[in-house]
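Chemist: Take a look at the letters that make up each chain.
There are 2 protein chains.
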Amino acid sequence: VTALNRLKAIVGSHGWIETPADVARYATDYRRLYGGPTPIVLRPGSTAEVASIVTACAEAGLAIVPQGGNTSLVGGSVPTAHGGEVILSLERMNRIRAFAPSDATITVEAGCTLAAVQAAAAEAGQLFPLRLGSQGTCQIGGNLSTNAGGSNVLHYGNARDLVLGLEVVLPDGTVWDGLRALRKDNTGYNLKQLFIGAEGTLGIITAAVLKLSPQPKAVETAFLAVPDVDAAVALLNLVKDSAEYGVTAFELMSRASLDLAQARLAGGRTPLPLEAAGWFVLLEIVGGGTLNDALMALLTEAQDRGLLLDGVVAGSLAQAEEFWRLREEISDAQTAAGGSVRCDIAVPISRMADFITAASLAVREIVPEVRIIAYGHVGDGNVHFNPLRAVEAAPEEFLRHAPAISHVVDDIAHALGGSISAEHGVGQAKRDELPNYKSPVELDLFRLIKRALDPRNTMNPGKLLARS
Amino acid sequence: VTALNRLKAIVGSHGWIETPADVARYATDYRRLYGGPTPIVLRPGSTAEVASIVTACAEAGLAIVPQGGNTSLVGGSVPTAHGGEVILSLERMNRIRAFAPSDATITVEAGCTLAAVQAAAAEAGQLFPLRLGSQGTCQIGGNLSTNAGGSNVLHYGNARDLVLGLEVVLPDGTVWDGLRALRKDNTGYNLKQLFIGAEGTLGIITAAVLKLSPQPKAVETAFLAVPDVDAAVALLNLVKDSAEYGVTAFELMSRASLDLAQARLAGGRTPLPLEAAGWFVLLEIVGGGTLNDALMALLTEAQDRGLLLDGVVAGSLAQAEEFWRLREEISDAQTAAGGSVRCDIAVPISRMADFITAASLAVREIVPEVRIIAYGHVGDGNVHFNPLRAVEAAPEEFLRHAPAISHVVDDIAHALGGSISAEHGVGQAKRDELPNYKSPVELDLFRLIKRALDPRNTMNPGKLLARS
Chain A
1 VTALNRLKAI VGSHGWIETP ADVARYATDY RRLYGGPTPI VLRPGSTAEV
51 ASIVTACAEA GLAIVPQGGN TSLVGGSVPT AHGGEVILSL ERMNRIRAFA
101 PSDATITVEA GCTLAAVQAA AAEAGQLFPL RLGSQGTCQI GGNLSTNAGG
151 SNVLHYGNAR DLVLGLEVVL PDGTVWDGLR ALRKDNTGYN LKQLFIGAEG
201 TLGIITAAVL KLSPQPKAVE TAFLAVPDVD AAVALLNLVK DSAEYGVTAF
251 ELMSRASLDL AQARLAGGRT PLPLEAAGWF VLLEIVGGGT LNDALMALLT
301 EAQDRGLLLD GVVAGSLAQA EEFWRLREEI SDAQTAAGGS VRCDIAVPIS
351 RMADFITAAS LAVREIVPEV RIIAYGHVGD GNVHFNPLRA VEAAPEEFLR
401 HAPAISHVVD DIAHALGGSI SAEHGVGQAK RDELPNYKSP VELDLFRLIK
451 RALDPRNTMN PGKLLARS
Chain B
1001 VTALNRLKAI VGSHGWIETP ADVARYATDY RRLYGGPTPI VLRPGSTAEV
1051 ASIVTACAEA GLAIVPQGGN TSLVGGSVPT AHGGEVILSL ERMNRIRAFA
1101 PSDATITVEA GCTLAAVQAA AAEAGQLFPL RLGSQGTCQI GGNLSTNAGG
1151 SNVLHYGNAR DLVLGLEVVL PDGTVWDGLR ALRKDNTGYN LKQLFIGAEG
1201 TLGIITAAVL KLSPQPKAVE TAFLAVPDVD AAVALLNLVK DSAEYGVTAF
1251 ELMSRASLDL AQARLAGGRT PLPLEAAGWF VLLEIVGGGT LNDALMALLT
1301 EAQDRGLLLD GVVAGSLAQA EEFWRLREEI SDAQTAAGGS VRCDIAVPIS
1351 RMADFITAAS LAVREIVPEV RIIAYGHVGD GNVHFNPLRA VEAAPEEFLR
1401 HAPAISHVVD DIAHALGGSI SAEHGVGQAK RDELPNYKSP VELDLFRLIK
1451 RALDPRNTMN PGKLLARS
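Going down the list, the sequences are from chains A and B. Using the numbering used here, you'd call the opening residue of the first sequence number 1 and step up by one each time. Using the numbering used here, you'd call the opening residue of the second sequence number 1001 and step up by one each time.
Hints may contain errors.
To be verified - List of simulated lysine-lysine pairs, DSS-like, C-alpha gap at most 27 Å:
| hint | chain 1 | residue 1 | chain 2 | residue 2 |
| --- | --- | --- | --- | --- |
| 1 | B | 1240 | A | 240 |
| 2 | A | 217 | A | 240 |
| 3 | A | 211 | B | 1240 |
| 4 | B | 1240 | B | 1211 |
| 5 | B | 1438 | A | 211 |
| 6 | A | 217 | B | 1217 |
| 7 | A | 217 | B | 1240 |
| 8 | A | 240 | A | 211 |
| 9 | B | 1211 | A | 240 |
| 10 | A | 240 | B | 1438 |
| 11 | A | 438 | B | 1240 |
| 12 | B | 1008 | A | 211 |
| 13 | B | 1240 | B | 1217 |
What the hints assert, rightly or not - Here are the computed distance ranges between Cβ atoms for each label pair:
| hint | chain 1 | residue 1 | chain 2 | residue 2 | range |
| --- | --- | --- | --- | --- | --- |
| 14 | B | 1123 | A | 81 | 49 to 59 Å |
| 15 | B | 1439 | A | 96 | 20 to 30 Å |
| 16 | B | 1230 | A | 137 | 53 to 63 Å |
I should point out that these hints are in silico values taken from the structure, not numbers from a laboratory. The beta-carbon is built from N, C-alpha and C at its ideal position, and this holds for glycine as well.
Bound-form chain A, shown alone (with noise of 0.2 Å):
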């Protein structure tokens, strides 16, 4: 009780949240997959009061969530059921500490909103191209400490590319300012890329330096419906061969994700009959005032070749959201859904088609009925990787097969040189996972650091790696 006052005193009277209707949301994730008691919910207004937190919490023996959005797939944004500890939401620190459109840097606290940092950039005729379905929701600091990804990262980089400085709340207290605004700095370490993907369990990201780069002069995004995924690596290679534009995104859709999406967008039209193909993909490039003319020489080329099977271009920045909202559903729809299992895979771009091939069939010979919510940054060789129940099946018989489909999912994922969460992160959901893909020594490497960093174990304990 002391603790929690002195906890309390730090952040006065609008910081703090015990009641435990208001304390839910912030205790369990918006899957409610994850979640555990928590003493008390912080939020402090400023990186000082963080750092009086943590120092009070190391002081007193208390572990630490720190949470953005609460959007993470992974559970890494919640305590664990074993619970205990101090939530802290950076969501008050949410201001635009410092904007040199010249230099193409903004500064940003770790509760600004994803949406907020690209308005903000936006304003200056700037882009800030991390793209996410929850950019509204989700908070700058949580995108940096899981690396996300999104459907820009074949052009622009994950999150991490896109980060100059960082500030950082250490475990026992103190402050790391390297909120610098330089694009080559070699004195040392490189400590940002060590905090950035580390889900918080090396130190709290209070504040960064963005980068920030040129709006596209114009952008064509194309709705295509293409024979297979092996169609759809050729076709991307294609796309990417082209020095006439840049190719900011190119996301692939298995038919039946697109099923869930448009049955949940009320079954509006969708830019092909759906009936078309088992796979689409939405592409969207950037580039000058031809840009028009190179994507059509591109579809034409494409269809020569056999990698097409129909197309529309959108005609308006109104459709080419449309093709958008369509593929942003897709993560939504099949929550709502229920009963499914997530594997966000990565594979060498050259192994994508044969991951979906085998990882389909062996899913299938667990689950004969299954549907197979495929979709993703295959630009990148990540794939979302769902099955899905059958509509007739009952979720909770499905979700008994759960553990053995992600299993064999990661397992010919690894096999392939493979990652098991190419976007997603560990958090508690793959972390009992990891040893089984990781070598010894990574893992070693890992505690090695933790240990070093945080020998205590009071920051995200439990995220990524056992509480030892």
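Please build the complex by placing chain B on the supplied structure of chain A, with the hints as guidance.
Modeler: Frame of chain A; chain B shown alone:
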């Protein structure tokens, strides 16, 4: 002696060098500024041999300096004056292990020269975009250990941005096999980025999976005279704002730096008369069929805005290579001239003109007669700001002022939010300056990581951090 015999047995008779005359070129850096005594030079032929060496050295308490092409500008690849380190040259580990053009990846051993990697990629019509003056000599393992920059960073990123996976021999002799070929992989701490740029102080990079890019369809190279540094930065922003092409290089060169290079190239004709301006820019852009038109439009626009005094566009590949030869000759020409201080500075791009003005003034207060050899990758906010003795001044006399010059230039860069080593690293040269410009928090983190991974401090001791 027993330890040395064990080391000799590991590498076999071709794998070691003891004769002082033969050892010399390994034990001294190429500018003959750094170096120290070594008991033996080891040239292992495989990762297994490297691992055995590291294990044997750990057991014998012998320190190791890993060495690539020995082109370090900061004494990173040779023993300290203190000496006693075994030199482990990777030069015999120069195989291309795998090449997957359809995934745009190549797996190479650390001892491949950068030029060999470039050539292997080019053979399959692809591009490994790292470009350095020393590319015929420097080795990829050294490039990664130092996070090399060079002339293509603007478009393709630093060395660390070109790496998908690594193989590293750790300080205890175990091998971390992180040779993954994935664009996305969020399964734990980013170990790869910790070893990249660590200057061999955390382990020895023995192999890497590198990302390749499509070769540009068209390249245009222009040699431009600009009114001043402000105009150069404004020109950079104008160039970068185009959607018609990518900007692969934007190299600024002071008149004095070109004078040196021209003299060393036997005084051949320069692309523009050097009397035309105080500052010149080497611009390279890549794109498609209409690239030349786009360049011409750009240059017209730049001239209208008063950003350009004169310019010439390379009419052939040979002419473009001439432009580049002039640029790349500057560094060696300066070394040959003797008596200069190298400051490898980065600042936010908008502060570049302020930096050069302030630093030039400050240096002239110390040594009124001085040539400002300033050149480099201004597109990345990086300039090599190298005061050089006046023609009539004796090198030794001038170099008495080196510490004061270095200090004041670094101070100015730091005050502008900059870095005292943008791409050269820390090594021995900048080690003792680091504490003036890094916070104790950051240095503590460096030491924490160093101690966790290399508790005996046998990996390149005395580089980056002081021997403790």
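Chemist: Now look at each hint and say whether the structure bears it out.
Modeler: Consistency of the hints with the structure:
1. B:1240 with A:240: Distance of about 21 Å is within 27 Å: holds.
2. A:217 with A:240: holds (19 Å)
3. A:211 with B:1240: holds (14 Å)
4. B:1240 with B:1211: With Cα atoms ~23 Å apart, residue 1240 of chain B and residue 1211 of chain B stay inside 27 Å; holds.
5. B:1438 with A:211: The given pair, whose Cα atoms are some 22 Å apart, holds under the 27 Å limit.
6. A:217 with B:1217: holds (21 Å)
7. A:217 with B:1240: holds (12 Å)
8. A:240 with A:211: holds (23 Å)
9. B:1211 with A:240: Distance of about 14 Å is within 27 Å: holds.
10. A:240 with B:1438: Violated, because 41 Å separates the two Cα atoms, which is more than 27 Å.
11. A:438 with B:1240: violated (41 Å)
12. B:1008 with A:211: violated (49 Å)
13. B:1240 with B:1217: Given that 27 Å is the threshold and the Cα spacing comes to 19 Å, the pair holds.
14. B:1123 with A:81: 49 to 59 Å: Distance hint for residue 1123 of chain B, residue 81 of chain A holds at roughly 55 Å.
15. B:1439 with A:96: 20 to 30 Å: Cβ of residue 1439 of chain B to Cβ of residue 96 of chain A: about 24 Å, so the range 20 to 30 Å holds.
16. B:1230 with A:137: 53 to 63 Å: violated (43 Å)
Going down the numbered hints, you'll see the structure goes against 10, 11, 12 and 16, while the others check out.
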